[in-house]
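Undergrad: Chains as they are written, first to last, in the numbering used here: chain Y, 75 to 167; chain P, 8 to 211.
A couple of the hints might just be wrong.
[Unchecked claim] A short, non-exhaustive set of chain Y residues, derived as facing chain P with CB atoms under 7 angstroms:
(1) His-82
(2) Glu-87
(3) Arg-89
(4) Glu-90
(5) Cys-93
(6) Gly-136
(7) Cys-137
(8) Arg-138
(9) Trp-140
Simulated from the structure, these hints should not be mistaken for laboratory data.
Ideal Cβ positions, reconstructed from N, Cα and C, are used throughout, including at glycine.
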Amino acid sequence: MLLIPCPHCGPREEREFRCGGESHVARPAVAEAPDDRTFAEYLYVRTNPRGVLAERWHHLYGCRRWFNLLRDTVTHEITAVYPMGASRPESAP
Amino acid sequence: MPDDLTKAGRPTPRSAFAGVAPGGLFERPGVIRLRDPGHRPKALLRGRFTPAWSAAVAGVLGVAPPEQPGAAARSPVAELLWLGPDEWLVLGSGPGSLAPALLRAGLAAAEVGDGLPDLELSGPRAREVLAGGTALDLHPAAFPAGRATRTRLGRIGVLLQRAEDGANGPVFRLHVERPWAGYLWSWLADAALDHPSNDESFPR
Chain Y
75 MLLIPCPHCG PREEREFRCG GESHVARPAV AEAPDDRTFA EYLYVRTNPR
125 GVLAERWHHL YGCRRWFNLL RDTVTHEITA VYPMGASRPE SAP
Chain P
8 MPDDLTKAGR PTPRSAFAGV APGGLFERPG VIRLRDPGHR PKALLRGRFT
58 PAWSAAVAGV LGVAPPEQPG AAARSPVAEL LWLGPDEWLV LGSGPGSLAP
108 ALLRAGLAAA EVGDGLPDLE LSGPRAREVL AGGTALDLHP AAFPAGRATR
158 TRLGRIGVLL QRAEDGANGP VFRLHVERPW AGYLWSWLAD AALDHPSNDE
208 SFPR
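With the hints as extra help, turn the sequences into a complete structure.
TA: Dropping the structure here:
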């Protein structure tokens with residue numbers, strides 16, 4: 075069970091949240107006429123690192139807001155929480 | 008919204024707890040007491056928090072919406088609970104809905120009282136019974152009277168509001184989406200059986 079620091083509500087248990095998968099996955103622009111391979115990678119290929127991963131989370135059973143966080147996939151340590159639309163913090167590992 | 012839906016004189020709505028608790032009351036002496044306070048108008052208020060917007064709300068309700076998470080504000084007209092950064096629940100003091108007045112002031116509001124019934128939980132062990140179903144910190148220092156937050160209780164989402172303390176300790180109001188009302192009542196009544204009553208020793 076994770077204790078997730080919601081930027082609005084403070085630390086809450088994992089069951090109050092829904093994970094929205096990896097953050098910062100950019101959709102290929104239509105103007106660039108992406109080929110099937112590019113689009114398949116956008117849909118299905120994720121970085122899946124052993125270490126720090128940027129994830130989107132939704133506080134579904136709380137303030138119902140989305141936010142980003144950096145979670146270590148080995149230790150589950152959450153090192154940063156930042157709003158949607160912001161870029162990945164550079165100070166964090 | 009048609010005005011006739013919000014008039015005080017409309018037929019009394021069937022209680023959301025009627026199916027599971029026709030009397031609207033459950034008591035396990037020395038543990039908890041559940042009460043169905045009946046239908047109340049509630050309005051959901053949405054908006055981006057700015058000084059001008061806040062003043063417009065205060066012009067209708069007599070009090071500005073709380074900006075702090077979990078906080079509440081009260082006026083003679085209404086009580087406002089913080090639900091999210093741009094979302095508040097307005098509990099009216101009177102029998103009529105406040106949504107039309109908010110709409111006339113150009114604010115985004117919707118009457119949700121029929122879909123969001125609440126029950127009142129009190130009794131000496133109310134906090135322990137709740138703690139059996141939620142991971143929320145219910146210690147009085149972390150969740151004092153006047154606070155409200157959405158959380159999970161016994162698998163479902165509820166809006167947990169701590170009202171002013173009564174004679175038997177804390178009083179909680181649990182606002183729940185209507186389809187879950189019967190489940191919530193039954194869950195609380197069942198959870199109360201896990202706690203020793205006044206007139207029996209524990210374990211049973």
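Undergrad: For each hint, tell me whether it holds in the structure or not.
TA: Evaluation of the provided hints:
1. Restraint check, Y/His-82 versus chain P: the minimum CB separation of about 5 angstroms is within 7 angstroms; hint holds.
2. Look at Y/Glu-87: its Cβ gets to within about 4 angstroms of chain P, closer than 7 angstroms, so that hint holds up.
3. Residue-level restraint check for Y/Arg-89 holds (minimum Cβ-Cβ distance to chain P is 6 angstroms; threshold 7 angstroms).
4. The interface hint given for Y/Glu-90 holds, since its Cβ lies 5 angstroms from the closest Cβ of chain P, which is under the 7 angstroms cut-off.
5. At a threshold of 7 angstroms, the smallest CB-CB gap from Y/Cys-93 to chain P is about 15 angstroms, leaving the interface hint violated.
6. Because the beta carbon of Y/Gly-136 sits about 5 angstroms from the nearest beta carbon in chain P, less than 7 angstroms, this interface hint is met.
7. Taking 7 angstroms as the C-beta contact cut-off toward chain P, the hint placing Y/Cys-137 at the interface holds, the least distance being around 4 angstroms.
8. With a least beta-carbon distance of about 6 angstroms to chain P, the hint placing Y/Arg-138 at the interface is held under the 7 angstroms criterion.
9. Look at Y/Trp-140: its Cβ only gets to about 11 angstroms from chain P, farther than 7 angstroms, so that hint breaks.
Checked against the numbered hints listed earlier, the structure breaks hints 5, 9; every other hint is satisfied.
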